[in-house]
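Peer 1: Turn these sequences into a full structure, and let the hints steer you where they fit.
Protein sequence lines correspond, in order, to chains A and B.
Here the first sequence is numbered in my numbering, starting from 2 and rising by one per residue.
Here the second sequence is numbered in my numbering, starting from 2 and rising by one per residue.
No lab work stands behind these hints, which were simulated from the structure alone.
Hints are supplied without guarantee of correctness; some may be wrong.
In this list, chains with the same sequence are indistinguishable; a pair is considered to hold if it fits within one copy or across any two.
[What the hints assert, rightly or not] Below, in silico cross-link-like pairs of lysine-lysine (DSSO-like), each with a Cα-Cα straight-line distance of 30 Å or less:
| id | residue 1 | residue 2 |
| --- | --- | --- |
| 1 | Lys-63 | Lys-432 |
| 2 | Lys-324 | Lys-39 |
| 3 | Lys-255 | Lys-63 |
| 4 | Lys-340 | Lys-39 |
| 5 | Lys-17 | Lys-63 |
| 6 | Lys-334 | Lys-39 |
| 7 | Lys-432 | Lys-340 |
| 8 | Lys-458 | Lys-421 |
Number of protein chains: 2
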Amino acid sequence: MNYHMTPDQFREEGKKLIDWIADYYEQVENYPVMSQVKPGDISRQLPDSAPESGEDFSTMMKDIDQIIMPGITHWQSPNFFAYFQSNNSFPSILGDLLSSGLGVQGMLWATSPACTELETKVMDWLVDLMGLPAHFKSTASGGGVIQDTASSAVLAALLAARERKTKFSCNKTGDNSGLTAYISTQTHSSVEKGIKVIGLGTDRLRHIPVDELFALRPELLEQQIQRDLTAGFKPFFVCATIGTTSSNAIDPIKTIGEICRKYDIWLHVDAAMSGTAAILPNFRSHFEGLELADSYAFNPHKWMFTNFDCDCFWVADKAVLIKTLSILPEYLKNEATEKGAVIDYRDWHVQLGRRFRSLKLWFVLRHYGANGLRHHIAKHIDMAQQFAHWVKTSDEFELLNEPPFNLVCFRHKSGNEFNKRLMDSLNNEGKIYLSHAVLNKTLWLRMSIGQTQTELKHVQEAWRLIQESANKSECTPE
Amino acid sequence: MNYHMTPDQFREEGKKLIDWIADYYEQVENYPVMSQVKPGDISRQLPDSAPESGEDFSTMMKDIDQIIMPGITHWQSPNFFAYFQSNNSFPSILGDLLSSGLGVQGMLWATSPACTELETKVMDWLVDLMGLPAHFKSTASGGGVIQDTASSAVLAALLAARERKTKFSCNKTGDNSGLTAYISTQTHSSVEKGIKVIGLGTDRLRHIPVDELFALRPELLEQQIQRDLTAGFKPFFVCATIGTTSSNAIDPIKTIGEICRKYDIWLHVDAAMSGTAAILPNFRSHFEGLELADSYAFNPHKWMFTNFDCDCFWVADKAVLIKTLSILPEYLKNEATEKGAVIDYRDWHVQLGRRFRSLKLWFVLRHYGANGLRHHIAKHIDMAQQFAHWVKTSDEFELLNEPPFNLVCFRHKSGNEFNKRLMDSLNNEGKIYLSHAVLNKTLWLRMSIGQTQTELKHVQEAWRLIQESANKSECTPE
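Peer 2: As structure tokens, this is what we get:
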């Protein structure tokens, strides 16, 4: 007697689910992009306790269709332009399915050597493919690891930086006195969260003002560092961004990197969304200076057809990271680790357990090939440029800036309230989904173009809907 | 022109992969459990750069078979008894496939309401199903969230405890002076790692001695707390364990909880592997006192047929956790959040992004039903008791203790060196896979019985192999 699903049932239900997913992608355009449910709508349709007896898989899938799907915001819709894209692809889904199926734990090399060695290899591939500094490779002083998110990557960077600056004593004594960190006013909130996590407190985080393009002003960074040094602080960490969340601003990495070297400060570069653009050689000028970074992260789960979670994180000096995070309890001791012949990725992040995440990234890289990835990324950027051109040549709308990559920030000329109403009405209508940013008290609409299935016709239709909705709205120009 | 895999190709390759996975589970017994490759064996078979042109999916699957599979340690084998189990099931794989396919981001309620509401519901179900304190429910003061791992759960607990004790000032000032934390000498290494991460340093972590069953001695805990208070320290955190990693020891939760209440200390209870046993009412005495815990975690991805990652983490007072980790940048502001009508799980852990993890847990709970889960968990424990009985009645082997759940610690009477050799020879032979623990300088073999497909015949055969291998080994009894 057992209650397990048999392999034959799995074959049958699995194939139906594969069809279900293919059907979903064929129909996803027809759903309202933003879920239209109200708080509690899903919850109240679900029973209050787990079933006593097992249920049929078909019953569960019926609930998916009837209860769950109305509560889904369709990130995979070609009409999803909000926040940042989180683009997916069939090869990635298959790689992730294989990972779920194998169910291996990659905490140590020894607990599944292929899980570690494939990850190292794929991370090395990306260094070449994207023109990243060669010392990020595992065969040099550095190395790459797949983290879950850019938040976890910046946390790992903060910890390594803290330990390097305190000569690995904070891990022992907790003495972090005087350490100060630097970001711009536009840096992602994950750094502020990380500063809290590592025990520094936000008082020790300096927000450096930005220029008219919302990029960190390096001369003000250096002035702040000097003021802090004079006051007895110990500057230890700078996070620079290639493609900020709000407006895709690009901090001057090279100048910032030189300042960091001068003052012995860890430079982390966050390119969570925009990092994918480095696959195009003609966009690499935005990445100039990356060779001065101590760590770097970008997310294939945003803009490189790889489903969540997959953040790629590299360090220039792996020894510092490993010394910061290494713990070796008796039950994990093994010959390969003790000989130092292998990488044990548990020492590269907070978590101990880890799944076989490199499979999906490997499948994406091999399915598309470098050619295919370059083609699609270039096309996304091109569509964004076209959208920007339409905005620029319209009478009613204006652009924040020339978009460097695939995020267009724009607004109707009728003021914040109007733009907020315009966005809400578009999102509630459900044909497209946009989000917003506030910069210098001005509300801008964000159009992030990069979903897997987004074609020019979707961008054209979005622009038509935006104009139509604006014309319909009652507004008093400011 | 595009390079995407078409829905029809996905249907075809996806169904083949479903069959591949079903085949894998039908054959997994035939593989050597522990991968037999040497460091570098996988890596050197992989090309040094990403392909320029896309490749066929069938080519990729051929490489899976020929290059990757020899580098897999088969955690899903019924003969895997090492570390802790990480048991998987077909319903879980299907739930995870659906999550990969939908590709939604659950960072906010608004970014996919179903992702949040299903998670809350399933976490509430588990409270009842496992007899956990009712105040852990979202409808009361508490609430549950799915974290990736128990390491991340304890990190969240440490942070909330730190902030509660410092009246939420450490997040701002970084002043954590005098805070001290308490674990036993047997507590999982993730707490030590977490103490480093949150900036306290290991000097502030007290290792309390254990009794003859390797459980924390509460009277020594209280003495240490009093010494620390006298010395001006501020005790803020205790981690107690139900089922330690090395020997499945059970700390006396109730007594520890009373001490924590008396001194206003956050009590986190870690039941990462053994927590699943609470599904059986007759094992709940081991969980007595849990109502005094401020937070609690167990991992369905270890022993509840749910594939990695899925750690269930509850807090008694969600307001403290949220206040500790909440960050609300402009671009994430939305009506539902501002009205306070919803849960935004990004404020319950370090990461911002999160996938739809509750689907797989929901599928497992519904497929098996409470009945089915109780049946299989009871069977695992029963097999462990039988194995323990064989050990106890043998002349050559001895038991560490009566196993409370499904982990049997035992050894040949011929000493550490002999047992190490015995383990290595069994693991290298590949028919079963064991790991070890060192307790009071004595090496014990760990037999963790709980893989999905493990039946009594596998446990019997393991015992036969262990005896046979011991008889073959040259040994000089100590």
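Peer 1: Hint numbers the structure violates, sorted upward?
Peer 2: 3
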